[in-house]
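J.: Mind docking chains C and U on chain F? Use the hints.
Protein chains in written order, with our numbering: chain F, 188 to 537; chain C, 188 to 537; chain U, 188 to 537.
Source of the hints: derived by calculation from the structure; they are not laboratory data. All C-beta atoms in this analysis are idealised placements derived from N, C-alpha and C, irrespective of residue type, glycine included. Keep in mind that a hint or two might mislead.
[To be verified] Beta-carbon label-pair distances, calculated as ranges:
no.	chain 1	residue 1	chain 2	residue 2	range
1	F	Arg502	U	Pro270	20 to 28 Å
2	C	Ser476	F	Ser248	56 to 64 Å
3	U	Gly317	F	Arg502	20 to 28 Å
4	C	Thr211	F	Arg502	33 to 41 Å
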Amino acid sequence: MFLKNQWYVACRPDDVADRPFARTLLEQPMVFFRDALGVVTAVEDFCPHRGAPLSLGFVDSGQLVCGYHGLRLAADGSVASMPKQRVHSFPCNRHFPTVERYGFIWVWPGEPTLADPEALPKFNWATDPGWAYGGGLYHVRADYRLMIDNLMDLTHETYVHASSIGQREIDEQPVRTKVIDETVVTSRVMENVKAPPFWQMAMEQRGLDPESLVDRWQVCQFHAPSHVMIDVGVALAGNGGMDAPDEAKVRAVVVDFMTPETPTSHWYFWGMARTWAVEDASVTEAVRSGQGAIFAEDLAILEAQQRSLDLNPTRKLLMLDIDAGGVQSRRLIQKLWDAEQASAGEVAHA
Amino acid sequence: MFLKNQWYVACRPDDVADRPFARTLLEQPMVFFRDALGVVTAVEDFCPHRGAPLSLGFVDSGQLVCGYHGLRLAADGSVASMPKQRVHSFPCNRHFPTVERYGFIWVWPGEPTLADPEALPKFNWATDPGWAYGGGLYHVRADYRLMIDNLMDLTHETYVHASSIGQREIDEQPVRTKVIDETVVTSRVMENVKAPPFWQMAMEQRGLDPESLVDRWQVCQFHAPSHVMIDVGVALAGNGGMDAPDEAKVRAVVVDFMTPETPTSHWYFWGMARTWAVEDASVTEAVRSGQGAIFAEDLAILEAQQRSLDLNPTRKLLMLDIDAGGVQSRRLIQKLWDAEQASAGEVAHA
Amino acid sequence: MFLKNQWYVACRPDDVADRPFARTLLEQPMVFFRDALGVVTAVEDFCPHRGAPLSLGFVDSGQLVCGYHGLRLAADGSVASMPKQRVHSFPCNRHFPTVERYGFIWVWPGEPTLADPEALPKFNWATDPGWAYGGGLYHVRADYRLMIDNLMDLTHETYVHASSIGQREIDEQPVRTKVIDETVVTSRVMENVKAPPFWQMAMEQRGLDPESLVDRWQVCQFHAPSHVMIDVGVALAGNGGMDAPDEAKVRAVVVDFMTPETPTSHWYFWGMARTWAVEDASVTEAVRSGQGAIFAEDLAILEAQQRSLDLNPTRKLLMLDIDAGGVQSRRLIQKLWDAEQASAGEVAHA
Numbered sequence: 188m189f190l191k192n193q194w195y196v197a198c199r200p201d202d203v204a205d206r207p208f209a210r211t212l213l214e215q216p217m218v219f220f221r222d223a224l225g226v227v228t229a230v231e232d233f234c235p236h237r238g239a240p241l242s243l244g245f246v247d248s249g250q251l252v253c254g255y256h257g258l259r260l261a262a263d264g265s266v267a268s269m270p271k272q273r274v275h276s277f278p279c280n281r282h283f284p285t286v287e288r289y290g291f292i293w294v295w296p297g298e299p300t301l302a303d304p305e306a307l308p309k310f311n312w313a314t315d316p317g318w319a320y321g322g323g324l325y326h327v328r329a330d331y332r333l334m335i336d337n338l339m340d341l342t343h344e345t346y347v348h349a350s351s352i353g354q355r356e357i358d359e360q361p362v363r364t365k366v367i368d369e370t371v372v373t374s375r376v377m378e379n380v381k382a383p384p385f386w387q388m389a390m391e392q393r394g395l396d397p398e399s400l401v402d403r404w405q406v407c408q409f410h411a412p413s414h415v416m417i418d419v420g421v422a423l424a425g426n427g428g429m430d431a432p433d434e435a436k437v438r439a440v441v442v443d444f445m446t447p448e449t450p451t452s453h454w455y456f457w458g459m460a461r462t463w464a465v466e467d468a469s470v471t472e473a474v475r476s477g478q479g480a481i482f483a484e485d486l487a488i489l490e491a492q493q494r495s496l497d498l499n500p501t502r503k504l505l506m507l508d509i510d511a512g513g514v515q516s517r518r519l520i521q522k523l524w525d526a527e528q529a530s531a532g533e534v535a536h537a
Numbered sequence: 188m189f190l191k192n193q194w195y196v197a198c199r200p201d202d203v204a205d206r207p208f209a210r211t212l213l214e215q216p217m218v219f220f221r222d223a224l225g226v227v228t229a230v231e232d233f234c235p236h237r238g239a240p241l242s243l244g245f246v247d248s249g250q251l252v253c254g255y256h257g258l259r260l261a262a263d264g265s266v267a268s269m270p271k272q273r274v275h276s277f278p279c280n281r282h283f284p285t286v287e288r289y290g291f292i293w294v295w296p297g298e299p300t301l302a303d304p305e306a307l308p309k310f311n312w313a314t315d316p317g318w319a320y321g322g323g324l325y326h327v328r329a330d331y332r333l334m335i336d337n338l339m340d341l342t343h344e345t346y347v348h349a350s351s352i353g354q355r356e357i358d359e360q361p362v363r364t365k366v367i368d369e370t371v372v373t374s375r376v377m378e379n380v381k382a383p384p385f386w387q388m389a390m391e392q393r394g395l396d397p398e399s400l401v402d403r404w405q406v407c408q409f410h411a412p413s414h415v416m417i418d419v420g421v422a423l424a425g426n427g428g429m430d431a432p433d434e435a436k437v438r439a440v441v442v443d444f445m446t447p448e449t450p451t452s453h454w455y456f457w458g459m460a461r462t463w464a465v466e467d468a469s470v471t472e473a474v475r476s477g478q479g480a481i482f483a484e485d486l487a488i489l490e491a492q493q494r495s496l497d498l499n500p501t502r503k504l505l506m507l508d509i510d511a512g513g514v515q516s517r518r519l520i521q522k523l524w525d526a527e528q529a530s531a532g533e534v535a536h537a
Numbered sequence: 188m189f190l191k192n193q194w195y196v197a198c199r200p201d202d203v204a205d206r207p208f209a210r211t212l213l214e215q216p217m218v219f220f221r222d223a224l225g226v227v228t229a230v231e232d233f234c235p236h237r238g239a240p241l242s243l244g245f246v247d248s249g250q251l252v253c254g255y256h257g258l259r260l261a262a263d264g265s266v267a268s269m270p271k272q273r274v275h276s277f278p279c280n281r282h283f284p285t286v287e288r289y290g291f292i293w294v295w296p297g298e299p300t301l302a303d304p305e306a307l308p309k310f311n312w313a314t315d316p317g318w319a320y321g322g323g324l325y326h327v328r329a330d331y332r333l334m335i336d337n338l339m340d341l342t343h344e345t346y347v348h349a350s351s352i353g354q355r356e357i358d359e360q361p362v363r364t365k366v367i368d369e370t371v372v373t374s375r376v377m378e379n380v381k382a383p384p385f386w387q388m389a390m391e392q393r394g395l396d397p398e399s400l401v402d403r404w405q406v407c408q409f410h411a412p413s414h415v416m417i418d419v420g421v422a423l424a425g426n427g428g429m430d431a432p433d434e435a436k437v438r439a440v441v442v443d444f445m446t447p448e449t450p451t452s453h454w455y456f457w458g459m460a461r462t463w464a465v466e467d468a469s470v471t472e473a474v475r476s477g478q479g480a481i482f483a484e485d486l487a488i489l490e491a492q493q494r495s496l497d498l499n500p501t502r503k504l505l506m507l508d509i510d511a512g513g514v515q516s517r518r519l520i521q522k523l524w525d526a527e528q529a530s531a532g533e534v535a536h537a
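Looking at chain F on its own, in the form it has when it is part of the complex (with noise of 0.2 Å):
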């Protein structure tokens, strides 16, 4: 189940530099090129012609050439030429809404008429110069929804991740998820605790002592369609946490971005954002590459769980407490989605 009418993350700004740039979502084969000004645009990847995929062809003065027999699309999906062709009758292609920003390009799979750039999310830690953000992509062989399960009940990390992020306190704490409007928050406070090797990287870089005693705190957001935002971080013990002075922590937001490919895979956009050493561009490197790591854990048990779901489609699963987050945010899309079916029925009865 996708929701359509939503900003989803497509690419990266390089991803679409002087050549057409194909990628699917929601499965929809788009290609995504840059028109004359340099604004990145995206309409389906079939060739109105004879069914080419577009992205086999090049890009010209802002406009999408066929590589097959030369059709020349415009930046809104509408066919500008083709050598010795009268075009003004030929039928338009889909053309999907797009805008770059915070370091990505969002697209909008469904009716263009309501895509409204000023419904995407707002990022302080990707608008502040007190942030610095690294990330990277996976492409995962399962239901992104199996992801958000993942990002909201983080008791996984204990099991999953046992040498860089998990420790046994996380499983001895209990969870607390609420829902605010159209957002789920998970949340956990570990005290007085040991830092997991990840986090006595981090402390050694911010200049604290890694063996001191900490409290660490994860705060997981889910956002429709798919975003899962997580405050992270550890602070010297007995200094507030999360509400500690900059010089006694170390704080991060790890940033999930999941955009349906198909039912059972998506692209993972995956980064974290953080408050300390932001000019160090080794740190940026150093903690991107273990992030990477352990999110490479992740892929591994996604992709088997959903391959033994898919051999086991009837059976019920439990939903207990730590599963809460995950089961609200499930709650929260299928809410969308009823809504959006509903106006859907609308506009075809209008």
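T.: Here is chains C and U on its own, set in the frame of chain F:
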């Protein structure tokens, strides 16, 4: 949609030497072997005993011996013998008429009693010593009719083969399409143009100045079930083009036999017969190698086009004037197919 | 068609050491592990919490710990514990009875209450110190019944194994097939023949002159659900063949356990128990390696046969006298399967 009561190219004579040769044509696994006189024959690649592919066995005294339990098949598909068995009541394998001609093995996948070797096309380039031939084989994961479309509309050369045989002038010259009995002909003439790189190479091999202006022609002929012969060449400008005297032109026939494997794949036997430097094997190899590289570009486009069409099965394509060659060829296939179905019905009711 | 209420070979004891071991048998993903006493057990490879494969986790104190969120399964498939959860109402996983015997782990995929270790077959070669065993495992993409056919008709040796155990005389000697209770027996004797290469090697290892004429025997026994034991050997001619004194013969049992994975694939546990040079590990290795190469030839034929049958699903095969062993074995499987279905119906109506 495949025509069955037709001669198709199956393989090259060398493919069927002293061992059985397996190939699936028109969704039928076939095995080719030579009888005691060296005559090629083809039967179903399925042992009537336990169903193993007969092509895993060997040929002995002109019989095909199953590699599992030793059943021996005669050239006509009947069971000749089997150790310690009386085989007279064993069912026969289907047998497919074959002819070895023009450097190919031809097969008739349909009703054997209708197979008439006289119905094979006549190819002057294959029998006249004034021509030299070289070619190759590609397996293409696309409907064979996409290749017919491709070959009957050479405007694609400007885009797909920009660096070898494409040139801007192709786009700029209109194409004429005619249907004459069971042949579709599309032709285009470009006068007073510079030769593209491939033809410059040919002019040099002929001893002509490659920088001279030329008249270039392309005459594509489609014959059922799936052959496209393209008369191509360049003549020094003002000498009559295609009709110029031999010493002022380089002329060739692009030879294309497409034999369906499945509805979305085919065997593409491509080659070129030329009239210059016909004794020079190094020219044959240079032409063959150049053509192989050019046709690999078509292969890439067509396979992408097939995947794209598979994802958009209900979508209508445009049919422009440049597409008339392919459209008429498909119409001819459809007409012959309707006749084949009607005639099969008559046989069934007789 | 699989019999479910039967003992099948699942794996070797070494496969289940200190980590969980996953294998799909009879279309059921299973995970094998050892309880606190070292006794092997098998349960569904599916975590009742979120559906991840349990085999990705680890074994701790004889419990299987899920690698995603730490649910712990006891050896009987019940949930033993989970961090911060009360698990008494959690559903149990299906549990599959297992027995470790004869150097294999046996599993009962059907109704657990019917599993009787006494029903395991008795194998003299596995318990008598006068025998030595070596073997291996192949994954074969073919219906397990095609392997039964193969092993119950050794005329294929002349064709498939021409260079090792095949010989012309196999073809020339008729085979006798008997059904005795729930066992099918096919036997063939070749008197006064030259030993083929494999048996010449065995004769040398035994200290016999490999060039002597021999009496050769092959007695194939099929037992439900899918085991074939083949008593094979050669004796110096005129000494009574199979009943010759030990010093005049080399005798072995070809051991074949086929455990279905899917309708068109199986796990093939092959091996050979021999009576000569039983203390000599280098002979074990030479025999094992030779047999592995020979049986790889069967694998290639059977996988090709399966693909060929898949393409011709309605085609009838021949059933000759040489096929009687396979035909009778399939008939026995069918009879037991009918009984199993009837008995399942009774249980359902009880």
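J.: Give a verdict on every hint.
T.: Hints and how they fare:
1. Arg502(F) - Pro270(U): 20 to 28 Å: holds, 23 Å
2. Ser476(C) - Ser248(F): 56 to 64 Å: violated, 36 Å
3. Gly317(U) - Arg502(F): 20 to 28 Å: violated, 50 Å
4. Thr211(C) - Arg502(F): 33 to 41 Å: holds, 40 Å
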